[in-house]
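Asker: Chains A and B, in that order, are what the protein sequence lines are. At position 49 of the first sequence (counting the first as 1) the number is 49 in the working numbering, and the numbers step up by one without a gap. At position 104 of the second sequence (counting the first as 1) the number is 187 in the working numbering, and the numbers step up by one without a gap.
It is possible that some hints are incorrect.
[Claimed, not checked] Far from chain B, by Cβ distances over 12 Å, these chain A residues were calculated:
1. 70
2. 75
3. 78
[Said to hold, decoys possible] Computed footprint of chain B on chain A; a stretch qualifies when at least three of its residues, placed anywhere within it, have a C-beta under 8 Å from a C-beta of chain B:
4. 3 to 14
5. 55 to 62
Note that these hints are calculated values from the structure, not bench results. Fair warning: this is a prediction, and the values are worked out from it, not measured in the lab. Even glycine gets a Cβ: it sits at the ideal position worked out from N, Cα and C.
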Amino acid sequence: MISDTDIRQAIADGLARIAPEAELQRIDPRRSLREQLDLDSFDFLNLLIALHERLRVDVPESDYGKVDSLDALIAYLSQHATS
Amino acid sequence: MNELRMPSFGADMEDAEFVRWEVQPGQAVKRGVIACVVETQKGAIDVELWHDGTVARLMAEPGQRIPVGHVLALVAAEGEDWRAVAEQGAVAPAPAAVPASSSVSTTPAMPATSQSPASSSPRASPAARKRAAELGVDLSALAGDSPISLADVERAAARRRPTPADGMRQAIAAAMSHSKREIPHYYLGAQIEVEAALRWLEAFNAQRPLAERVLFAALALRALALALLEAPSLNGRYIDGRFEPSTAVHIGVVTAMRGGGLIVPTVHGVHVRTLPALMQALRDALSRARSAQLRSSDLADSTITFTNLGDLGCDAVYGVIYPPQVAIVGLGRVAVRPVVRDGTVVAARTVHASLAGDHRVSDGMVGARFLGALAEHLAHPEAL
Numbered sequence: 001m002i003s004d005t006d007i008r009q010a011i012a013d014g015l016a017r018i019a020p021e022a023e024l025q026r027i028d029p030r031r032s033l034r035e036q037l038d039l040d041s042f043d044f045l046n047l048l049i050a051l052h053e054r055l056r057v058d059v060p061e062s063d064y065g066k067v068d069s070l071d072a073l074i075a076y077l078s079q080h081a082t083s
Numbered sequence: 084m085n086e087l088r089m090p091s092f093g094a095d096m097e098d099a100e101f102v103r104w105e106v107q108p109g110q111a112v113k114r115g116v117i118a119c120v121v122e123t124q125k126g127a128i129d130v131e132l133w134h135d136g137t138v139a140r141l142m143a144e145p146g147q148r149i150p151v152g153h154v155l156a157l158v159a160a161e162g163e164d165w166r167a168v169a170e171q172g173a174v175a176p177a178p179a180a181v182p183a184s185s186s187v188s189t190t191p192a193m194p195a196t197s198q199s200p201a202s203s204s205p206r207a208s209p210a211a212r213k214r215a216a217e218l219g220v221d222l223s224a225l226a227g228d229s230p231i232s233l234a235d236v237e238r239a240a241a242r243r244r245p246t247p248a249d250g251m252r253q254a255i256a257a258a259m260s261h262s263k264r265e266i267p268h269y270y271l272g273a274q275i276e277v278e279a280a281l282r283w284l285e286a287f288n289a290q291r292p293l294a295e296r297v298l299f300a301a302l303a304l305r306a307l308a309l310a311l312l313e314a315p316s317l318n319g320r321y322i323d324g325r326f327e328p329s330t331a332v333h334i335g336v337v338t339a340m341r342g343g344g345l346i347v348p349t350v351h352g353v354h355v356r357t358l359p360a361l362m363q364a365l366r367d368a369l370s371r372a373r374s375a376q377l378r379s380s381d382l383a384d385s386t387i388t389f390t391n392l393g394d395l396g397c398d399a400v401y402g403v404i405y406p407p408q409v410a411i412v413g414l415g416r417v418a419v420r421p422v423v424r425d426g427t428v429v430a431a432r433t434v435h436a437s438l439a440g441d442h443r444v445s446d447g448m449v450g451a452r453f454l455g456a457l458a459e460h461l462a463h464p465e466a467l
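Bound conformation, chain A alone:
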């Protein structure tokens, strides 16, 4: 079981490439991640690709609504990560 800390780190590392100025600690974890960080669809897809490389979790487009906030994204990845 992968820890939330590892997932958090994976998200932070993925974001560092896309939105270098983003600070995870300053994000409201219950509000839309994309709106707070101005991530457009291209940025968001790149974040999901980075997370897939790291955690082997594929988020299908039909689940985009379930990964809108930071909390939701962590919960989703935690639930779907196998190792």
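Place chain B on chain A using the hints.
Answerer: Same frame as chain A, but now just chain B:
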């Protein structure tokens, strides 16, 4: 023999600072190879070669400010002796390049491999030399009676010319002022239902690996290119008082930069690419724009511009035409909105499409036909 000339990256660009060579005389090169890097208001740009051949003679040096159209290098064509071409170049007049006005470059200077022997480099402390390389400060401009110190370098860096963001803002202001002065814009807008397009795309993507997922923007680009076939007077360039239509569709895609400013990389040949190939081209262009690693062909020759607010932002966007183009297409935010279908109000995803056209070339009738065709193509995504 082919000449590599300083390319123009916009109607208002006059010159650029030469940063470094990426090729050397005698090197065999292919079309598309990066020959050199120049620093413009749009940031550092990789200049590509347009022909196969052998590099014969390099005619620009780091730090020179070189006007658009001036020769940077001579390239021997296939079958030509590059040494003979280089000799020819030696008798031709050198480009009238002037040293860059500022001593501070925003791009760290590369150590010159062939030029500038060590004896000509100014005296400086090792710490100063290291810091100068980090900050991109030209030591030769600081040379004086005493060796250059770390403090000298720091002071020179503090006098740095406007940041790239300021330069970009100036470039945007110049191009947009030019546009609003010269181009009699007309504007049209239409609400387009995209439910069918998005559902089709979701099904398409469900069968593809994450990294190959196609964004709605790519689908929209494809629909835009096909719609342009029905409105050719929106696609091309207005040069010297005349419209030159283009049969190829090269779309400049407006990309917001983090920290402000816009870059408009070109996606080439949109009319002939399949959807996955188009997505790859869009991905490449956006990636290079966002990592500030643009190539000359990214900015050179778009025939129309596309601005897409995606799913953030506002409901509608009306663009300003980027000269010498004659139209810009905008898509606002995709959202679920009420739509009347068969006399009943239903919820469906829609987008507000807009067109700004150039009245010197076309008028509202053409624009309306274009927006109608765009809606029609998006209603039949399986044909895209």
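Asker: Give a verdict on every hint.
Answerer: Results for each hint:
| no. | hint | result |
| --- | --- | --- |
| 1 | 70 | 17 Å, holds |
| 2 | 75 | 19 Å, holds |
| 3 | 78 | 18 Å, holds |
| 4 | 3 to 14 | violated (count 0) |
| 5 | 55 to 62 | holds (count 5) |
In summary, the one numbered hint that this structure violates is 4.
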